[in-house]
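Undergrad: Given chain H, work out where chains X, Z and R should sit, using these hints.
Protein chains in written order, with full-length UniProt numbering: chain H, 1 to 344; chain X, 1 to 344; chain Z, 1 to 344; chain R, 1 to 344.
It is worth saying that the hints were derived from the structure and are not from the lab.
For clarity, every value in this text was computed on a predicted model and none was experimentally measured.
A virtual CB, placed ideally from N, CA and C, is assigned to each residue, including glycine.
Keep in mind that a hint or two might mislead.
Claimed, not checked - Only pairs whose alpha carbons sit at most 20 Å apart, straight line, appear in this in silico SDA-like list of lysine to any residue:
(1) X/K49 / Z/R287
(2) R/K49 / X/Y183
(3) X/K205 / H/R308
(4) H/K205 / X/P311
(5) R/K49 / X/E283
(6) H/K205 / X/E286
(7) R/K49 / X/D265
(8) X/K49 / R/M295
(9) Z/K205 / R/E286
(10) H/K49 / Z/E283
(11) Z/K205 / R/K205
(12) Z/K49 / H/G185
(13) H/K49 / Z/F282
(14) R/K205 / R/G185
(15) X/K49 / R/G185
(16) X/K49 / X/E37
(17) R/K49 / X/G200
(18) H/K49 / R/G185
(19) Z/K49 / X/G185
(20) R/K205 / Z/P311
(21) R/K205 / Z/T310
(22) Z/K49 / X/G200
(23) R/K49 / H/G185
(24) H/K49 / Z/R287
(25) R/K49 / H/G200
(26) H/K49 / Z/M295
(27) X/K205 / H/G185
To be verified - Here are some chain Z residues pointing at chain X (derived, C-beta under 8 Å):
(28) S43
(29) L52
(30) S179
4 protein chains.
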Amino acid sequence: MSIRVGILGATGAVGQRLVQLLDPHPDFEIAALTASEASAGRSYRAAAKWGLDFPIPDSVAEMTVRATDADEIPDDVPLLFSSLPSSVGEAVEPGLAEAGYVVSSNSSNARMDPDVPLVIPEVNADHLDLLEVQRDERGWDGALLKNPNCSTITMVPTLAALDQFGLERVHVSTLQAVSGAGYSGVTSMEILDNAIPHIGGEEEKMEDESRKLLGGFDGAELDLHGMDVSASCNRIATLDGHLENVWADTAQDVTTESAAEAMADYPSADLPSSPAPLIHTFEDPERPQPRLDRMLGDGMAVSAGGFRETPEGVQYNCLSHNTLRGAAGASILNGELLAREGYL
Amino acid sequence: MSIRVGILGATGAVGQRLVQLLDPHPDFEIAALTASEASAGRSYRAAAKWGLDFPIPDSVAEMTVRATDADEIPDDVPLLFSSLPSSVGEAVEPGLAEAGYVVSSNSSNARMDPDVPLVIPEVNADHLDLLEVQRDERGWDGALLKNPNCSTITMVPTLAALDQFGLERVHVSTLQAVSGAGYSGVTSMEILDNAIPHIGGEEEKMEDESRKLLGGFDGAELDLHGMDVSASCNRIATLDGHLENVWADTAQDVTTESAAEAMADYPSADLPSSPAPLIHTFEDPERPQPRLDRMLGDGMAVSAGGFRETPEGVQYNCLSHNTLRGAAGASILNGELLAREGYL
Amino acid sequence: MSIRVGILGATGAVGQRLVQLLDPHPDFEIAALTASEASAGRSYRAAAKWGLDFPIPDSVAEMTVRATDADEIPDDVPLLFSSLPSSVGEAVEPGLAEAGYVVSSNSSNARMDPDVPLVIPEVNADHLDLLEVQRDERGWDGALLKNPNCSTITMVPTLAALDQFGLERVHVSTLQAVSGAGYSGVTSMEILDNAIPHIGGEEEKMEDESRKLLGGFDGAELDLHGMDVSASCNRIATLDGHLENVWADTAQDVTTESAAEAMADYPSADLPSSPAPLIHTFEDPERPQPRLDRMLGDGMAVSAGGFRETPEGVQYNCLSHNTLRGAAGASILNGELLAREGYL
Amino acid sequence: MSIRVGILGATGAVGQRLVQLLDPHPDFEIAALTASEASAGRSYRAAAKWGLDFPIPDSVAEMTVRATDADEIPDDVPLLFSSLPSSVGEAVEPGLAEAGYVVSSNSSNARMDPDVPLVIPEVNADHLDLLEVQRDERGWDGALLKNPNCSTITMVPTLAALDQFGLERVHVSTLQAVSGAGYSGVTSMEILDNAIPHIGGEEEKMEDESRKLLGGFDGAELDLHGMDVSASCNRIATLDGHLENVWADTAQDVTTESAAEAMADYPSADLPSSPAPLIHTFEDPERPQPRLDRMLGDGMAVSAGGFRETPEGVQYNCLSHNTLRGAAGASILNGELLAREGYL
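Isolated chain H (complex conformation) (with noise of 0.2 Å):
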């Protein structure tokens, strides 16, 4: 039975992968897309400069794009996946949410938020729980859901398999694709023989949201971990996929073994979208790679390689496809989550 389903931010980065994997969905079916008033009113085809290696659907590509304003969404599109630009999303989503629509949103606004889950569902899918407490504080009959950072999403699966063993600091490097700042974000001067070591509030994304995923809920209030997380984030010349070195230092002692193996074991979710095995690992060092890793599970997998033992636990690398498991499918994971859980 299939749910009917509208995009937030059609035109972007996200959006387009957003289309891209709603479009075959099982259980989805795509009644609404919107972007910024300069869109309204044409055909996705037309609005949309369509920057996928295949062409646009079909079920989309003569749709008319909506302005994004709660007055546009039909009222039987009850579930909105959001890839607005973060002060849009500050300024429609919550209207949303009260207005009755479950939004799963990929936007950076109200991640932080005490009473806004952010959820990976095969590492936090418990904290949904937090959508009661939203409901009850703010009085909504809708819901707002976010699911993390593209780099975070990298990260937060490997040291949720590692967290067994304590976790109490991480240091992380990222090489991070192009995708991850939309069509426009990096210029072709700006990369081309080139690597930026900033991405502005990257870094803080990462070491707050990943102590946010792992933190603990007791039914009412949310604690973070209390590891400490220090990033370094670097843009590269790829298309897609972040690739990620990992210093995990932990409690107890951990070996190549048995951390290669907590990664390899660590459960998939029983959601449409979420890959088996979740965490894909290598024994070549030189694996991950970018070009090669990103499509695993279909671009949903994490996969791992290139474990050393440290002195204070284990190094590693990480990859996932930024805008895939680390953005649309991310907020398409939690949608799935939502309707198993009957908030649909």
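TA: Coordinates of chains X, Z and R only, in the frame set by chain H:
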């Protein structure tokens, strides 16, 4: 007064950089070029696939390339710069030193030998006296001096500046240029739209060499520095310039200001190829960047930026040109030090 | 009913594409893999440095690689796909054909031999009968069939569509992907921030092969097409997909509309791997583009756009995936044609 | 004796190249910088996102940027270099010329106007006298002089050298660097692992401008050259340097030797920024290449290679640095010509 010098391994990527820097050098004159047997007897123009963005210098273009063999080196060339593959370096450098040549080598063999000084003149020029021990022990008339790996050279001047705060632990992630692997080291299919999260042996070189460079020397024996270093080395699609994310944990408190100031004030060496300042610091957190900053100080400076405090110390980014400051220029600086200290 | 096939040169860039396409093929079953002596006896997983963006297929991963030698090929493998270096192809292909194997070869040797058909099934399937002449003249039980060079394949279907207007003169500039040179053919230092305006032998291949493909065959002898072709071949920093700028001078008038229509209507072949449509035409003058359009028709389509009239005819751009449509897929299409026409 | 000059559109990619070349210029002194209203009143350091691989020159860093407006330009700045967007150039350049300023402009507006000279000093310095016609007709005290498009400049000196053989028809394919579109003109997602086979308006510019540059001027009126030119323009992932494949059909026979010789012997101009030789010819068919050869003649030379005879003439490749020789340097050369010829 000009000193006649030879270049061992003159046709490779570092060999060509040695030619670039030595051709206009005020004190050195290129008198001999060696390469593999296959190149011996050919003109340098024919033997080297010149890959720099200016024409091959006239002074060497028609010079006949010699085999890399002690018998082939003229006696009146006291100083040899070596950029040989390490297996070749291991085979021929000791014999050349025994035969009386002073070898300033960029090759990775023997760098950690207890009686082989590993030197960055601005950091540990005092280690040069280890050559006396070397001569005593090995009975050599000549000498063998090493510079560190390009990725080590990028980081160590910044660590030297911070050691006043008591270095205890270093984590470093590198984003290394393809030229570091030589002209044919990285294929285009490996690196376009990609990154490789491992460089064989490189992590260990950074971890070991940095402790030797910052170690103490009492005139007889060299102690490694007590800090722990963990490196994670990545290859990316840049031509030149290694960018590194560093976390330095220190015994004493260090602020971003004191860290940046310590680097900006770190002294240069009074040698022709040592830039002033040695370390260029940026306030813009998006700098240094490989394409924009690798040529600072004519390619001999290190640059640093992105300073942030951490619970244990400070994190920052640093950069240098890997085949100039990190390889050819490093050997030449060591040659200048050898000349000044009377080893020729 | 499945035909057992072998892949000669299975570890290279085209060999891996042959594995990719043959593994799920409805009519062919991979029964033998050959490579150089150095790889013989190893598992395919160990011998091939698998470079595609999905895992190595299970069906071949543990298959033992054989030496490329007639004695090593099992007798019950009637069809061999060859992606050997041309010098190896020249040495072994005739012997295999003599020994009774039917060889569908992508190697560049013998392509212009008068009794070796050079075939693109959608363009000149009738040339296949030249195999009768070949068998008569050479006394072979098997056969040797060639597909053209990847850059030729990209252009020739579009020229075939235009030949109704009387082709007289063709100028073509290519922007070719690095995969066309094999996994190690182009180094990263050669191509990053660069382009190379010459590919040895490629210009001549395009100029000669296109005239043979469009030539007439009377059942006994093959006449080259009378048009002149001048090619200029460039290597650029793309992974896959050859883009070409073509000027076609014709005897009759041709408008942009009639040119585009002739291409859009050009018939596909009734073979499993022939896409429909064969030629995808774009109105957007910025298309086709390598990254966006190389996978049209599962990588087997040609695309064209940018039509403009000239004083002598029409200019346009065309594109195809060089290692799928232009190499591995071309050989497989020829294998399908051989099977249908009863040569196995 | 130094002439005070202004730069209109000083913050863009070409504007920064103008700063680079004018800062050390022997005869010109930067006295005014203009940009859009948004930049007006700010320091050049703050207004320009400096993107060159050396620090911003001290002479301009703290200079206050002015609005691009006749009222804002000081009276004692007789010569203005313009790299304005063409719509802005169209709006302000005539007024400046009328107000008495001599404008040497790289902007694309007005290039084909019958009374606006379009000049490459080494090719058609005699066209400068068209300024007399311009002043007569328009009643201007100043003057407006244009240089051609970067892709035109690369090709035209080589055509000028061949015109002794009677140019009849030219086909040209370009492989153009991203800097030609300005700092934000090409996004990274558009060009990584990709090429774009069309640049809006560029084909027509090459086709028209080259005929004007090589046209005859009788002192009163300018005739376009009679040759036909067909261009196909591609954007590729290079930072700087336009590479072009040219076929020149000539009335008289031309050999590869005579073509190369005509180019190698083509005279330079006796102006400070004109390189000698103007055209650097290569025997190696793999040259010129953008990364290796764009800086020949300090970025002001054209290079050519890959000569092959065709049935109608000769084909070859040529290259120049698009923002130095092709834009900023072209305007400065024209400024030098204006100074020498007494127009200031």
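Undergrad: Which hint numbers does the structure go against, in order from smallest to largest?
TA: 1, 2, 7, 11, 12, 15, 17, 27, 28 and 29
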